[in-house]
Structures are given as C-alpha cells and as structure tokens.
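Participant: The lines below spell out each chain.
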Amino acid sequence: MSIEAPLNRTPITERFGEAIVDLGFAHGVHSFAAPPEMIVELCRFLKEHPALQFNFLSDICGVDHYPEMPRFEAVYHLYSLPNKWRIRIKCRLGDPPCVPSVMGVWRTANWHEREAWDMYGIRFDGHPDLRRIYMWEGFEGFPQRKDFPLRGYKDKLNPFGAEGPPPTQPDLATRNIP
Amino acid sequence: MTEVTELSRPEGQSHTREVLLNLGPQHPSTHGVLRLVLELEGEYVARVDPHIGYLHRGTEKLAESFSYTQIFPLTDRLDYLCPPSNNLAFALAVEKLLGIQAPIRAQYIRVLMAELARISGHLLITGALPLDLGAMTALLYAMREREMIMDLFEMISGARMHTSFCRVGGVREDLPDGFVPRIKEFCEIFPNRIRDYERLVENNRVFLKRTQGIGVITADDGIDLGLSGPNLRASGVDWDIRRDEPYEIYDRLDFKVITRDEGDCYARWRCRVEEMRESIRIIEQCLDQMPEGPFQIDMPTVAFPVDKNKVHCSMEALIQHFDLSAYGFKVPKGEVYSAIESPKGELGFYIVSDGSAKPFRMKVRAPSFVNLQGLFVASNANYLADMIAVLGSLDPVMGEVDK
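Heads up: the sequence lines are chains A and B, in that order.
First residue of the first sequence: 1, per the UniProt record's numbering; consecutive thereafter.
First residue of the second sequence: 1, per the UniProt record's numbering; consecutive thereafter.
Note that these hints are calculated values from the structure, not bench results.
Beta carbons: idealized from backbone N, C-alpha and C, even for Gly.
Be aware that a few hints might be false.
Once the Cα atoms are required to be at most 27 Å apart in a straight line, the calculated DSS-like pairs of lysine-lysine come out as [said to hold, decoys possible]:
(1) A/90 to B/330
(2) B/61 to B/358
(3) A/146 to B/358
(4) A/90 to B/358
(5) B/333 to A/90
(6) B/358 to A/154
(7) A/90 to B/61
Derived DEER-like restraints, expressed as beta-carbon distance ranges [what the hints assert, rightly or not]:
(8) B/293 to A/139: 49 to 55 Å
(9) B/257 to A/157: 47 to 53 Å
(10) B/198 to A/84: 30 to 36 Å
(11) B/310 to A/21: 44 to 50 Å
(12) B/144 to A/139: 39 to 45 Å
(13) B/198 to A/157: 26 to 32 Å
(14) A/21 to B/198: 51 to 57 Å
(15) A/136 to B/184: 49 to 55 Å
Extracted from the complex, chain B is given alone in its bound form (with noise of 0.2 Å):
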C-alpha cells in the first residue's frame, strides 16, 4: 500500500524522470569502441552524449616525426575497411605540394583501388546494417565478396587490409600478371550479388519497419552538421567530390552519382547498395582504358628508380636512392588542403610544409568522425532500440573517428 502512494502524483504534474543508459564502448553494435551516453524519457532518446577516442593513436602528431613515405602505413589504419582510398588522399595532397602528377597508368591503378576499397567498405554496412537489426544472413554474404576484394588487394599488394600501395608519384608496383581475368570475372559475378543482397532485405518487412523513416536528417541539417558522401546524398544534396572537383582521372569516367530524398536509415543504407554498382561501371571502364606505361614518376628526387640496375652502375642514382631511403624528400614550403570522396565523404588532408623532409602540421579531415554528429538530429525522439539502426546507417569507422 505504501508503495501505491508513493507512485500517486498530484493532477496534472507529470512525474517522469531522466534514465541515463550507457551503450558500449564494448558493444557488438556500435561498430568499434564507440560509447553513447543516452538520456531517456521513457523509452525515447532525449538527448546522446558520444563519448569517442577510445581507439586515439595520435596519427596527427605521429605524422610529424614521420617522413612522407612513412606516413602511408599511418593513413591505412584511419578507415581500415578501405584504406587505398586514405593512401590515395595522402598521396594527392603531397603531390600538389610538390607540384607534380603521377603518371596515367598510376592514376588509374590507384583508383581502381580506391573503387575496390570503396566497394569493399560498403559491403560490410551492407551486411553490418541487416545484421544489426537481427537479419544475420546478408553479412555472411557480403563477407563473402568482401574475401573476393581482399585476395585482390593480396595479389596486388601481398596485403589484405593494410595494402600502403600508393607512393608519392605513383604506386608501388605494376599490376600483377593475371589481375586483369581475376578482376573481369569479379566484375562479371559481383551486379548479380548486388541484386542477392537487395533481395534478402527488400522484402523484409521488419527490416523495411525499422529502417524506413527512422532517423530523418534533413539537407538542411545535414550540411549544417557537415555530413559528407553517401550519407548527405541519402538526404538528397547532390555532391560528390569525383564528380564535382574530379581529381585523377575521374573526370574520363562516366558514372552516376546516386541520391535519394527521404533521408532516412533505408535511403542511405540504399545509397551505398547503389553505390556498389556505379563502382563496378568505374573499375570496368578503368580496365578498358588504362594505358601501358610508368606506374611511378620518373623522378629521382622523390621516387626510387624504376629500374633498380640503375643503383648499381650509377653514383648519383645510388646516392640518390640512399638519400631517399635514409632521409626521405623535401617538399617545398607551403599549406595545401586536399579533398577526395573516400567510401565515408570527403577525407581532406591539410598539410602545412616548412620545407623539409616531413610535414610541419598534417590535419586529417575524417569524415566519418564529422558523420557522428549526425548522431544528434538523427536519434531525436527515437526509441532506443532505433538508436542501432541509425548508428549502423551512419557508418561511423572508429579508427576514422578516434584517428
């Protein structure tokens, strides 16, 4: 009986209060070590605290010790589902301060990579997504594909996620002697799957439920919380980095940039499924007009000799490839900022150069850390159980966020 009049209010005064509840930093549905701090009203989300930089390695400082080849390996481990796109980013930003462009061939390996990658990245929200809303069968098949990209990169690279392939002025090594058939018959199997993975869920009606109009961000309130790529075109703003500042060799490809304008947990969830397609169109015409020639510049102040005999019958080349090795280039004063569309929105890399062998300042823009924040107008007035479906929706890599 005392506990019935404890409950009892007086009329008219509501007396709800605040539930706190912490989601991860160890929780299989936050992609990483992400830690939410939830103020709920009942079962709706009132407000959401991210707590990030459980996985902070300093990249930034880190990069200041380091020469500019060195710096490859750190920009892999940003978003490590796609890291020949990070490499790619690095590496144009390094070249407009050098003044200097790698060779044709080059631009069209790399971004082959950085379509693969790009693919890649996107199959495991495909699967991660489903997943998250308890359809596990989509990311068992997605992982399945993701293994075909990976023994790609392998071939490539000799690595299957961290590849470090470009190089300032090129990348690091030709195409391998039967990539090509390899990536044809990717290309040939992988629209097929596509459909597959479109079919598991499309029709899926708890999937469609919990998807569909949950989590709207607006075009407003995306560019106003400075969301980029797929997650922005999913509120229908038609941006895309290759297409509007086309850098590479983008601006020979024919390709589609794909919106949709509900803005919500589907459309970009469909987004990035439509994506996949556009870049299996990019890395077809790739194949077909890649040239023969150099895969690196030749320029012996910055990059090894392509023929390495040259090292061992010439002076200069020898001191010039100790140099390299030893100290690494000089790149000339100045500050660039450079943009390209990663598989998350747009990585920038500014980079400010005092002339020497290493970089004074390198800011990395991560895109995904930038997408979090579309966290705030998303989980408005959700429910907490949609809290995972807009996570999940918004693709965040933690080694992206925390750098």
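If we strip away everything but chain A, and leave its shape as in the complex, we get (with noise of 0.2 Å):
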C-alpha cells in the first residue's frame, strides 16, 4: 500500500525459476514460497544482487498450522534498505521442523532462530548455539505449538495447567544442540 515501486521480481524467477513460487502481492510485501533445502541460497542471492540488495533480515518467525500437514511454517521477513521493499518467504516444513540456519547471511537470525526453536521446535541447521531463549534450560515442550496447552501442563509449580500427557518429544526439547 505505501511500497510505490513494486519489486522486480525477474532476477529471482530467471535464478531460481520454478523452485520458488510466488505468492503475490498482498499488504505492501511481496510473498514467495521456499523449499527449506533452498533458503541460505535464496536468502544470499536476495541479499547480495546488485538489483534486490535486500541487506535488512527484519524477523523470522515459526507458525504451526496443526492439524493441517505439513504442520509447521518459518517465515522470514526481509526489507531492503536501498529500495525500500518488503519480501516475505514462507518455508513448510514438515514434523519434526528443520530448516538450515541463515546465521551465516545475517547475523541477526541468531536470536530470531532461538525464538523459534523455543517456541516451536524448529530446529535451524547450522546455527552455532540453538539454546531455548525464553524458556527456562530444562522445560519440555514447545510453548507456543497449538496442541500445547495455554495455562501449560499441570504440575508441581502449576496447579492450574491442563491435565494430558506429557509434553510430545522430550528428548529434542533437552537435548542441546551443538
């Protein structure tokens, strides 16, 4: 709405042609939709092409579309500077989540990517210190998955959290990835 120039979106199509797919125009950000296996890449050739030079890593963010599969989403929200233009792209991911970090592009994504993997179990590849960042080292479960519950799972400490089975994969919330 307030974007004039819109994105010129033929060095991406004659790069990556049929691989990324594009989503449309909605809301004053252009929309693509990644394979997780293609995001470092994308994520490199839309920051450094002299024409795009999307150099802003704005936010990365996880959605669960349960019960819907492939169950999760990482969504990246990048911005250029120079051009003023907003770009999302939308990754699916399967169960369990796992996408390669882009840390390596934007430093950025570091605490981005720990949000994510706190909140939602996506694991990011690559990322050199994946810990929870909200969540107390040694909580099991992801928070913000919608088969988690709101008021948490009953417990010692929470007497008003939901009666259920234990929190799904114990062992990937513990584990510390290196």
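Dock chain one against chain two, each of which comes alone in its own frame, and use the hints as you go.
Facilitator: Next up, the structure:
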C-alpha cells in the first residue's frame, strides 16, 4: 500500500525458476514460498543481488498450522534498505521441523532462530548456539505449538495447568544441539 | 614464599584465566530483569551472553485466544514506556487485513499520541544513561517532564501508563475539552527543557569520556545485527519508517530524520535527544492540521456506533453491539506484516488470520529484542565498566525484549 515501486521479480524467477513459488503481492509485501533446502541460497541471492539488495532481515518466525500437514512454517521477512521493498519467504516444514540456519547471511538471525526453536521446536541446522531463549533450560515441550495447552501442563508448580499426557518429544526439547 | 613460586610462570607463556561474571538480573543498570554472563579477560569483556526471558508472559500465545480488541491491552505491556505506539502498530496491521482506514482525525490523534509516547520513551533514556554513569540530576529533570506527558495521557485516556486508546478503525474517544491548550503549553515549555538536559551533560567531562568512542557499532554491523531506530541512525544509516514507508498521516508532516556518524554511546544518546525536538514539531503540526470529524470509523461490524442512542433505538444496532462485545469482529483470511517506527525502532506485527475473530498467529517483531543483539558487537574489547554505558545507550525495554 505504502510501497510505490513494486518489486522487480525477474532476477528471482530467472535464477530459481519453478522452485520458488510466487504467492503474490498483498498489504505491501511480496510473498514467495521456498523449499527449506534452498533457503540459505535464496537469502544470500536476495541480499547480494545488486538490483534487489535485501540487506535487512526484519524477522524470522515460526507458525504452527496444526492439524494441517505439513504442519510447520518458517516465515522470513526481509527489507531492502536501498529500495524500500519488503519481501516474505515462507518455508513449509514437516514434523520434526528442520531448516538450515541463515546465520551465515545475517547475524541477527541468531536470536530469531533461537526464539523459533524455543517456541515451536523448529531446528535450525548450522546454528552455532541453538539454546532456549525465553523458557528455562530443562523446560519440556514447545509452548507456542497449537497442541500445547494455554496454561501449560499441570505439575507441582502449576496447579492450574491442563491434565494430559506429557509434552511430545521431550528428548528434542532438552537436547542441547552443538 | 610458596605463593610466589605458584605465581611465577615459564617465560613467554601468559597465565591469564578468564573470569565469568554474572551481571543481573536484579541490577539497577540493567533497566529491567536482564542477566548478562560476562567472560572477562582482566578488566576487558571478551564475550557476553545475555540471558533473557525473566519477563516472558507469552503475549503471542495469549493473543491467539483473545479477540482483536482484547489484544490492545496486551500490546500496551510490550514497550511499557510508550504504549500508544504499540497500540498503533497493532491497529494498523489489523486495519490492513480488514482493508479499512481510520478517519483522518483519528489518524492525527494516533500520531499525536505516538509522538508523545516517543518523547516519554526517549526522556527516560535521556535521564537514565547519565544516571547509570553517575550523573543523577538529568534523570530527575527528565522525570519532571515525563510527568507532564503522563498527565496528558491521563487527560486523553484516563490512564497514565497503559492507555489502550487505539481501536481498530479509530480511537476510543475524541480529545477532551481543554486538551489543546494543555498540550500547546507543553510544546512551548519542552524545547527549552531539552536544551537544559543537553547543557547538563554536554560539558560533563566524565559523561563524555565514558560515552564518546565507547561501544562503537558501524553501519554494516548495525544492519547485519538488525538494529533499527535511533540505534541504527546513530551509526549513520538514514532510515526512518515514518518517512520511507509513511503510514497514517506522516506523509503530510515535515520532520527531519536525525542521523549521526559516530555510532558510539554518545551518538545514540544524542540521536534520541534530538529526535524529541522533531517530535515536538510533529505534534505542533498535528495540532495545526487536525480536522474536525469522526474519531471512529462508521462500520457497525467493526466498531461500536459513535452515537450510543442508536443502540437504544435500533434493533440492528443492538444486535451488532452485542455481537461485537461478545464475539468480536471477524477478520478476513490472510496474512499481513505491518511495521511502524516505534521509539525503539522497527515494531512489526505479523498476523495470520484464518477468518475467525481471533488471530491464528500473531508475531511481534520487537525492536528491543533485536537491538539487544547489538551487545555482541558493542561490548567487544570494552572495559567491564563500559558495559553499563553500552547497555544503557542501546535502550532495551525488557517488556518488549521478553514479550
């Protein structure tokens, strides 16, 4: 809406062809869907291409589409400081969700990826320090997943939590990935 | 004698050992509950590992079970120094999804409040950074002026801190009687007061020594680390969302984007002080240009009717009023990312809607959360004592960092 010059998409389609799906332009942001294995290459291309220059990573976040399958999604919002364009890259991920880390492209991805790991259990391969960021060490489960109860699970410290089975994949939650 | 032999070491081999130091979470200069684990080499900081999450309230998860109007109070508590900006960012995102725009008068009121909030947020850091470095006076004066803004907020919304004044499609109420003279008085007094703050520290050699050339972040590093707002502008990047992607009525206003080239603590402090002057200019222009008219969109499916009598006389209005209070309004399926220039930087809301009255997913791109990563660069090879200046100058608000 506020962006006047629409994004020039030809370099992206020329370089990646059918692999990157154009989801159209809505509310001032161009959306693309990309397979997870291409994300680092795509981000580097978008950042370094002289006509695009998406040099600012605004945000990375996870989305849980439960019960839809594939369930998870990693969403990247990039901004081009010289061109004043915004772009969104969406990566659909299976279960357990796993996507290469873009920390090699932008250092700011560090905490965004840690947050997505903490909240959704999305593993970012190649992230040097993928620890929980908000929840404490030893917390089990991923609280923002749709199947995690709003008040958590009932235990000694949380008498108001939901009754139910222990969180899924406790091994994934506690394992510290190098 | 034995001690001496223990300390003596083979020639050519240094015998320094890294010391781990814990700073916070309960420490007055961490500006909230932030814990830093510092790895020290002598008196230098070799590595910093911030531990956050002490204030994590699960805003994003909570929002998934709230109706859109109920989320406004949640956004208040993100950056609690300037709630109107957060309200505005959220309202804009939902309005984009709905495809509506607030009436012009409402947009002026929102911008006016957002700029007041910017001053109130910047005032705290104006005083707090000198306080952290031992100059206490500035904070007391800054708080005096902040009190005036709190009074103005109270006059507009009835609340001093958590105003929750924005609504989707407008604002809650019109400006009260007698508000304009009060804010004009403030606009007259305040620029001189800014000069006072500057004079308090400008020639303070201790303050200058401890901030100039300390914690330098280059423009490339700043962009790479995702800094935004005054933190990035202090490194010489000329980027302000108010100007570059104008939202609301910012394209009708004339203001200067403050940048500095040094990228050190002093530049970050200075940027904020000068931004307050621009905010005053914006407020004055808002007051001059503000038209008469409705403060709330006339759309019964989204907003309560302005004329309450309608609810008492018309059946449809009553039903819609009940529907809106009980269930909230439905937002079309889709997703939106909408960012504004909050006092701390780029505040973005990413909302995924599944067509129901509650957001399917709401992600807050909190500027303080990302700005705090500036510590990784700014603390490098600095003295431990300078960490306090670096942290203060990055101006993190833990409510926003921890969401």
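Participant: Each hint needs a verdict: does it hold in this structure or not?
Facilitator: Comparing the hints with the structure gives:
With a CA separation close to 25 Å, the supplied pair residue 90 of chain A and residue 330 of chain B stays within the 27 Å bound. Simply put, residue 61 of chain B and residue 358 of chain B have alpha-carbon atoms about 11 Å apart, close enough for the 27 Å limit, and the pair holds. Restraint check for residue 146 of chain A and residue 358 of chain B: satisfied, since their Cα atoms lie roughly 14 Å apart, inside the 27 Å limit. As the CA atoms of residue 90 of chain A and residue 358 of chain B are separated by approximately 22 Å, the hinted pair is consistent with the 27 Å bound.
Annotation: proposed proximity of residue 333 of chain B to residue 90 of chain A holds, straight-line Cα distance about 17 Å (limit 27 Å). This hinted pair checks out: residue 358 of chain B and residue 154 of chain A have alpha carbons roughly 26 Å apart, not beyond 27 Å. Straight-line distance between C-alpha atoms of residue 90 of chain A and residue 61 of chain B comes to about 20 Å, which keeps the hinted pair within the 27 Å bound. Here the CB-CB span from residue 293 of chain B to residue 139 of chain A is close to 51 Å, well matched to the stated 49 to 55 Å.
At roughly 48 Å, the beta carbons of residue 257 of chain B and residue 157 of chain A sit within the given window of 47 to 53 Å. Checked against the hint of 30 to 36 Å, the C-beta distance between residue 198 of chain B and residue 84 of chain A comes to roughly 32 Å, which is consistent with it. For the pair residue 310 of chain B and residue 21 of chain A, the supplied restraint of 44 to 50 Å holds, since their beta-carbon distance comes to about 47 Å. Between residue 144 of chain B and residue 139 of chain A, the C-beta spacing of about 43 Å keeps the proposed range 39 to 45 Å intact.
Residue 198 of chain B and residue 157 of chain A have their C-beta atoms about 50 Å apart, which leaves the hinted 26 to 32 Å range violated. Judged by the Cβ atoms, the range 51 to 57 Å given for residue 21 of chain A and residue 198 of chain B holds: they are separated by roughly 54 Å. About 50 Å separates the C-beta atoms of residue 136 of chain A and residue 184 of chain B, a value consistent with the hinted range of 49 to 55 Å.
This entry does not satisfy hint 13, going by the numbered hints stated previously; all others are met.
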